[in-house]
Each structure stands twice: as structure tokens, then as C-alpha cells.
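Given these sequences and hints, build the entire structure.
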Amino acid sequence: MTIHASELLGSAVVDREGDRVGRIEDLILDVPGAANICYALVHIEQPTEPRQRMVAVPWSLLERRSQSQLVLGISRQALGRLKNLGGQGPSGR
124 MTIHASELLG
134 SAVVDREGDR
144 VGRIEDLILD
154 VPGAANICYA
164 LVHIEQPTEP
174 RQRMVAVPWS
184 LLERRSQSQL
194 VLGISRQALG
204 RLKNLGGQGP
214 SGR
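Numbering (the working numbering), first residue to last: 124 to 216.
Worth flagging that the hints you see were computed from the coordinates, not collected in a lab. Just so it is clear, CB atoms sit at the ideal spot from N, CA and C, and this is done for glycine as well. You may find that some hints are simply not true.
What follows is a list of derived Cβ distance ranges for each label pair [said to hold, decoys possible]:
1. Glu130 with Glu168: 17 to 23 Å
2. Gly203 with His127: 27 to 33 Å
3. Thr171 with Ile126: 32 to 38 Å
4. Gln169 with Thr125: 29 to 35 Å
5. Lys206 with His127: 26 to 32 Å
6. Ser129 with Arg204: 28 to 34 Å
7. Arg204 with Pro155: 28 to 34 Å
8. Gly156 with Gln200: 32 to 38 Å
Printed below as a string of C-alpha cells:
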């Protein structure tokens, strides 16, 4: 299956119960080679938290449910243990 990155950017990320967790901000590709998606940078939406939280979620933990929604394959607790990248990707940019 082929999809455009633009179809994924901004997509909602929900937990297994269907509750919104955040949105896809960016994608990290494995290059050179087939340029497969390795990670999705997910902006975690926390209305009570003033600090921005961005985490790199392994692509294998996300399942595309619809055109604009992906389901997170880990619990919110496990998501909370992922390193907060702030506004930066894993490369520090």
C-alpha cells in the first residue's frame, strides 16, 4: 500500500478506546534503502499541561483506522514513559 506523507500529517492519534491522544506532527524515515517510516512524531494534547509534549512513537505501534486517524498500540501509561522531545525530533532539529 502506498500513501502520501501529507495524508498522515495532522492525523489524529487515539487510544484503543477511541479517545484522542494527540496528532501526527512529522514522520521519521529510514534512509537509505526503501525509506520506510520508522517513527511518527506525535504532539500529545494535554490541556492541563502548559509544556508542549512531543514523543517519537515507533511506527509499528500505530495502526491506521481511517483516512485521518491512527490507533496507538500502547497504553497511555507507556506513552507517558516515552522521552519528551519538546518541539524537536530525535535528531535535535
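Against the structure, the hints:
no.: 1; hint: Glu130 with Glu168: 17 to 23 Å; verdict: holds, 20 Å
no.: 2; hint: Gly203 with His127: 27 to 33 Å; verdict: holds, 31 Å
no.: 3; hint: Thr171 with Ile126: 32 to 38 Å; verdict: holds, 34 Å
no.: 4; hint: Gln169 with Thr125: 29 to 35 Å; verdict: holds, 34 Å
no.: 5; hint: Lys206 with His127: 26 to 32 Å; verdict: holds, 28 Å
no.: 6; hint: Ser129 with Arg204: 28 to 34 Å; verdict: holds, 30 Å
no.: 7; hint: Arg204 with Pro155: 28 to 34 Å; verdict: holds, 31 Å
no.: 8; hint: Gly156 with Gln200: 32 to 38 Å; verdict: holds, 34 Å
Of the numbered hints listed earlier, not one is contradicted by the structure.
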